[in-house]
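Enquirer: All chains, please: the whole structure from these sequences, using the hints.
Next come the chains, spelled out residue by residue.
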Amino acid sequence: MYFQDLIFNLEKYWTDNGCVLSQPYQGEVGAGTFNPATFLYCIGKKDWKTCYVETSKRPKDGRYAENPNRMQQFTQYQVLLKPAPADIQQMYLNSLKFVGIDILKHDIRFVEDDWESPTLGASGLGWEIWLDGMEITQFTYFQQVGGVEMDIIPVELTYGLERIAMFLQDVDSIFDLKLQKGIKWGDLYREMEYEMCEFNFNESNIDLLFEQFEKYVFEVNGLLKKGLVFPAYDYVIKCSHTFNLLDARGAISPKERANTIFRIRTLSNKVAKIYLEKQDANEKK
Amino acid sequence: MKRNNVLIELGFEEIPSSYLKPGIDIWVNKLKHLLERNGIEFGKIEGFYTPRRYVVSIKNVSIDDSEKEIEITGPSVEIAKKDGEWSSSALGFVKSQGKELKDLYIVKKGKREVIAIKSIKSKKSLNNIFKEKIKATIESIRFPKMMVWEDSKFKFARPIRWLLVIVDNNIVYDIEIADISSSNFTIGHGILNRSKILVESPEKYFESIKNAYVIIDENDRRKIILESFNKFEKKYNLKIVNDSDLLDEVVGMVEYPVVMIGNFHNQYTELPDRVTATAMKQHQRYFHTIDSNGDIAPYFVVVLNMPLNKENILKNNETILKSKLEDAYFYYTEDLKVPIESRINMKKEIIWHRDLGTVYEKEMRIANLAKILSAKLDLGLSEELIRQISLHLKIDISTNMIRDGKEFTKLEGYMGRIYAEQLGINRNIAEVIEEHMYPRWAGDRLPISDNGALFAICDRLDSLAGYVFKYGIPKGSKDPMGIRRALNGIIDITLERKWNYDIMAIIALAFDNYNQSFNEDDIYNFVIERIKYFAQRENTNYDIINAVAALKLSDIYDIILRARVLHRYRYSKTDEFNDLVVGQKRVANILKNVKIDNRVIIRLFKDEQEKLLYDKSMQIKDEIDYNIKMKNYVEVLNSYFSLRPDIDKFFDEVMVMVDDKTIRGNRLGLMKHIRELFLIFADFSEIIIEGKNEISKK
Numbered sequence: 001m002y003f004q005d006l007i008f009n010l011e012k013y014w015t016d017n018g019c020v021l022s023q024p025y026q027g028e029v030g031a032g033t034f035n036p037a038t039f040l041y042c043i044g045k046k047d048w049k050t051c052y053v054e055t056s057k058r059p060k061d062g063r064y065a066e067n068p069n070r071m072q073q074f075t076q077y078q079v080l081l082k083p084a085p086a087d088i089q090q091m092y093l094n095s096l097k098f099v100g101i102d103i104l105k106h107d108i109r110f111v112e113d114d115w116e117s118p119t120l121g122a123s124g125l126g127w128e129i130w131l132d133g134m135e136i137t138q139f140t141y142f143q144q145v146g147g148v149e150m151d152i153i154p155v156e157l158t159y160g161l162e163r164i165a166m167f168l169q170d171v172d173s174i175f176d177l178k179l180q181k182g183i184k185w186g187d188l189y190r191e192m193e194y195e196m197c198e199f200n201f202n203e204s205n206i207d208l209l210f211e212q213f214e215k216y217v218f219e220v221n222g223l224l225k226k227g228l229v230f231p232a233y234d235y236v237i238k239c240s241h242t243f244n245l246l247d248a249r250g251a252i253s254p255k256e257r258a259n260t261i262f263r264i265r266t267l268s269n270k271v272a273k274i275y276l277e278k279q280d281a282n283e284k285k
Numbered sequence: 286m287k288r289n290n291v292l293i294e295l296g297f298e299e300i301p302s303s304y305l306k307p308g309i310d311i312w313v314n315k316l317k318h319l320l321e322r323n324g325i326e327f328g329k330i331e332g333f334y335t336p337r338r339y340v341v342s343i344k345n346v347s348i349d350d351s352e353k354e355i356e357i358t359g360p361s362v363e364i365a366k367k368d369g370e371w372s373s374s375a376l377g378f379v380k381s382q383g384k385e386l387k388d389l390y391i392v393k394k395g396k397r398e399v400i401a402i403k404s405i406k407s408k409k410s411l412n413n414i415f416k417e418k419i420k421a422t423i424e425s426i427r428f429p430k431m432m433v434w435e436d437s438k439f440k441f442a443r444p445i446r447w448l449l450v451i452v453d454n455n456i457v458y459d460i461e462i463a464d465i466s467s468s469n470f471t472i473g474h475g476i477l478n479r480s481k482i483l484v485e486s487p488e489k490y491f492e493s494i495k496n497a498y499v500i501i502d503e504n505d506r507r508k509i510i511l512e513s514f515n516k517f518e519k520k521y522n523l524k525i526v527n528d529s530d531l532l533d534e535v536v537g538m539v540e541y542p543v544v545m546i547g548n549f550h551n552q553y554t555e556l557p558d559r560v561t562a563t564a565m566k567q568h569q570r571y572f573h574t575i576d577s578n579g580d581i582a583p584y585f586v587v588v589l590n591m592p593l594n595k596e597n598i599l600k601n602n603e604t605i606l607k608s609k610l611e612d613a614y615f616y617y618t619e620d621l622k623v624p625i626e627s628r629i630n631m632k633k634e635i636i637w638h639r640d641l642g643t644v645y646e647k648e649m650r651i652a653n654l655a656k657i658l659s660a661k662l663d664l665g666l667s668e669e670l671i672r673q674i675s676l677h678l679k680i681d682i683s684t685n686m687i688r689d690g691k692e693f694t695k696l697e698g699y700m701g702r703i704y705a706e707q708l709g710i711n712r713n714i715a716e717v718i719e720e721h722m723y724p725r726w727a728g729d730r731l732p733i734s735d736n737g738a739l740f741a742i743c744d745r746l747d748s749l750a751g752y753v754f755k756y757g758i759p760k761g762s763k764d765p766m767g768i769r770r771a772l773n774g775i776i777d778i779t780l781e782r783k784w785n786y787d788i789m790a791i792i793a794l795a796f797d798n799y800n801q802s803f804n805e806d807d808i809y810n811f812v813i814e815r816i817k818y819f820a821q822r823e824n825t826n827y828d829i830i831n832a833v834a835a836l837k838l839s840d841i842y843d844i845i846l847r848a849r850v851l852h853r854y855r856y857s858k859t860d861e862f863n864d865l866v867v868g869q870k871r872v873a874n875i876l877k878n879v880k881i882d883n884r885v886i887i888r889l890f891k892d893e894q895e896k897l898l899y900d901k902s903m904q905i906k907d908e909i910d911y912n913i914k915m916k917n918y919v920e921v922l923n924s925y926f927s928l929r930p931d932i933d934k935f936f937d938e939v940m941v942m943v944d945d946k947t948i949r950g951n952r953l954g955l956m957k958h959i960r961e962l963f964l965i966f967a968d969f970s971e972i973i974i975e976g977k978n979e980i981s982k983k
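Protein sequence lines, in the order shown, are assigned to chains A and B. Quick note: the first sequence, position 15, residue 15 per this note's numbering, numbers continuous. One gets this note's numbering by counting positions in the second sequence from 1 and adding 285 to each.
If you are wondering where the hints come from, they were derived from the structure by calculation, not from laboratory data. Bear in mind that the values here come from a model prediction, so they are computed numbers and not experimental data. Among the hints, erroneous ones may be present.
[Claimed, not checked] Short derived list, chain B residues pointing at chain A, Cβ under 7 angstroms: (1) E299; (2) N594; (3) N601; (4) I635; (5) N804; (6) M903; (7) Q904.
Using N, Cα and C, we set each Cβ at its ideal position, and we do this for glycine too.
Expert: As structure tokens, then:
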């Protein structure tokens with residue numbers, strides 16, 4: 001089983017269950033939730049089912065390719081079902097079986113996790129799913145997104161693909177993860193991980209980042225005044241990544257961190273609110 | 286009358302462990318009340334829980350469905366009869382009961398005569414009571430966080446998926462709740478047995494559920510876990526650190542506990558103890574172990590929810606823990622490579638708050654405050670020591686361990702001390718680095734040393750001033766920057782240390798550090814509001830604090846000391862205390878809206894009692910002054926009590942507002958003199974006399 005087979009299997013499983021196959025976001029995001037296919041499309045009254053791969057970048061999590069489990073970039077498989085089906089736990093367990101995990105031979109646990117994306121103003125209740133003590137999926141019933149209370153409750157499943165694949169291939173290090181015959185994860189990404197860590201931790205330009213951050217904030221507000229939700233949202237995502245870079249660089253204290261998160265959340269909330277208003281207006285037409 | 290057993294099971298998706306016990310307790314109580322309200326007798330009632338179900342078993346429920354004749358009464362005879370005939374009200378009454386006028390008769394109800402009829406009613410069956418009322422009992426279960434998941438927007442901790450109600454051998458169907466209705470099945474273990482198991486009776490239920498890998502009684506699960514702990518401790522000659530919070534949590538995380546012991550490489554025991562323990566406990570919920578020397582041993586204990594293929598599962602858990610410890614090890618070794626000078630320089634780069642400067646600048650402001658406060662408290666710290674402590678106070682803020690953003694971040698302060706010691710910083714300084722972080726939350730431990738307490742207070746005062754200048758004083762329930770918490774911490778530490786100092790003066794300095802002015806009244810009121818919050822925990826009411834705060838005292842410890850004495854007398858000598866307060870209210874009322882510049886002139890006294898009151902007050906004035914100075918507040922109150930009969934007598938015998946301007950002026954002067962005598966200690970007129978409907982502002 002290669003890494004990509006895991007993706008094929010999940011894609012097959014969830015599209016067979018009625019999901020639209022969406023595409024990864026074209027810029028840097030910290031999680032699949034940021035993709036407009038989740039953040040924006042789960043707002044409003046329409047039913048929506050989607051699944052997609054998302055490359056998630058979390059600058060602070062990099063370890064210069066020295067830690068077999070932590071990287072500044074990893075792959076998520078994102079599933080969003082709105083409304084949440086009553087048998088969603090069973091559907092999820094079936095998906096694990098479908099990708100080759102014998103759930104009767106492992107300790108699979110639904111462990112309390114009140115998920116929250118502070119920058120997106122999104123929160124929900126659910127679990128992180130453990131497979132023999134390893135967190136493999138985030139399972140969340142959204143209650144609020146962009147500060148908007150959900151009218152129809154969506155459920156979000158976020159699989160950590162590398163971890164699941166390492167488990168299936170029985171390898172202890174991500175660098176040994178087999179991507180295709182003769183090609184391992186380490187062959188492709190070791191150098192990149194190292195360089196990105198150099199950038200994230202040491203070389204990114206703090207002054208430039210601060211400057212960019214303020215300009216992005218300005219841009220979001222300007223675009224929203226013109227009612228341009230999608231481009232405004234693109235800039236919210238840029239704010240978020242810029243903040244992550246500053247955070248990795250150690251340029252902000254824990255308290256200032258909370259403060260900056262609050263600023264980004266305020267922007268996300270504005271985007272969501274205006275998006276919802278436009279949805280409601282369209283419905284009335 | 287039949288006696289039956291009842292079984293109710295509410296099935297849901299995994300509810301957080303800490304919610305389970307409080308929730309089932311509420312439910313059992315509500316069900317008890319439901320039965321009692323409906324006059325149903327029952328024997329033992331018990332609640333059980335697992336992460337996926339609540340189970341209530343009620344034994345020997347008496348079900349009486351026999352028919353009974355009952356009397357129903359209506360309006361009084363005056364209304365029911367008009368000119369000897371039944372009125373329209375009487376007709377309405379019989380119709381509403383499905384009877385005719387000929388069935389009516391008159392009975393005595395208390396002192397009145399009312400009309401009545403006899404009616405045959407069968408008691409409501411238990412099934413019907415459950416059908417109508419079970420939903421309400423479930424609705425009344427509250428959790429710290431609740432969610433909605435379907436169209437009816439029913440609120441619960443996690444989605445409800447099934448409901449099973451068995452009365453004797455009958456299933457009660459069609460009780461609707463959220464998007465499900467009660468039926469005839471249960472579901473077993475969340476992974477091993479997810480298909481429906483049909484149940485016919487309470488007895489069969491207990492049998493089936495056990496076979497489906499569910500141990501419903503938490504005590505049984507706890508016993509299994511503790512027995513395994515015992516076994517492992519003997520076998521490996523270790524002590525498993527039985528953290529009771531963790532044990533409670535784990536008991537609520539599994540339906541079928543299986544305990545295993547695993548190990549990790551010795552190298553990780555070199556990490557600071559709390560780092561290793563945190564890596565095990567915080568996320569993984571593993572128990573850590575110690576050897577006979579009390580040092581962390583390279584073993585961990587895990588409670589699984591799966592009885593099959595255990596060895597394989599253990600190996601996987603070991604791999605996970607290794608990666609967690611590896612991460613901590615990476616942080617730790619990397620952090621120790623950075624020399625102390627670089628740590629100081631890094632703080633000059635790290636912004637504490639966007640508009641309030643860097644972490645280094647914060648440390649320097651803290652140093653300013655610490656210098657002044659330690660001098661006021663006479664703590665004997667040299668300026669050089671204060672400078673040294675301040676320079677390293679936030680040493681860990683730039684470290685990988687603290688910037689982790691997850692479980693290790695919570696070790697801020699502790700890691701600062703460890704790193705400081707490792708880098709050769711004096712132990713006295715290192716200790717303050719840890720201590721100044723406490724308390725991190727309400728009820729957390731407080732600093733154990735004077736120096737720790739000093740810096741804990743100064744750090745919080747600096748944050749308070751900065752945030753207030755930036756965001757204003759928090760209003761309503763919102764306090765995102767934790768300003769209230771900072772002040773609560775200052776109050777807790779101050780009282781625990783028994784430190785007397787003028788907090789307003791130090792706050793003024795804290796604002797000075799930012800070159801900012803501030804509104805003294807607003808800040809004072811905010812401080813008093815937090816003192817009231819503290820006092821409430823000692824059961825002292827807010828009006829007592831108002832009475833003391835009216836003097837604009839700004840010594841927190843002194844305010845509380847005075848309040849404690851007032852509070853004690855309020856309950857030990859209630860009558861005298863209330864009289865004293867009433868007297869002072871009268872004094873204060875008389876003085877309201879009058880301008881007095883008169884001094885008391887003894888020769889103008891016309892009445893025996895006014896002279897007596899004055900003489901007595903002059904006798905005790907010196908001892909009050911002395912006892913205030915010595916903070917012998919009990920003695921101060923005793924002095925006031927000794928004056929009370931003369932005050933009461935004065936009001937009984939002497940009229941203050943007489944026509945004669947001179948005498949009136951002199952008497953008002955006496956009132957002012959008495960009021961000032963009391964105002965040395967507190968404004969008694971602010972105290973509310975309980976039970977007399979006094980209204981006072983908060």
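Enquirer: The structure should be examined with respect to each hint, and the outcome stated for every one.
Expert: Against the structure, the hints come out as follows:
1. E299: holds (4 angstroms)
2. N594: With a minimum Cβ separation of about 4 angstroms from chain A (threshold 7 angstroms), the hint on N594/B holds.
3. N601: This hint holds: N601/B lies near chain A, its Cβ roughly 3 angstroms from the closest one there, short of 7 angstroms.
4. I635: Holds - the Cβ of I635/B comes within 7 angstroms of chain A, reaching about 5 angstroms at its closest.
5. N804: violated (23 angstroms)
6. M903: violated (56 angstroms)
7. Q904: With Cβ-Cβ at 57 angstroms, over 7 angstroms, it is violated.
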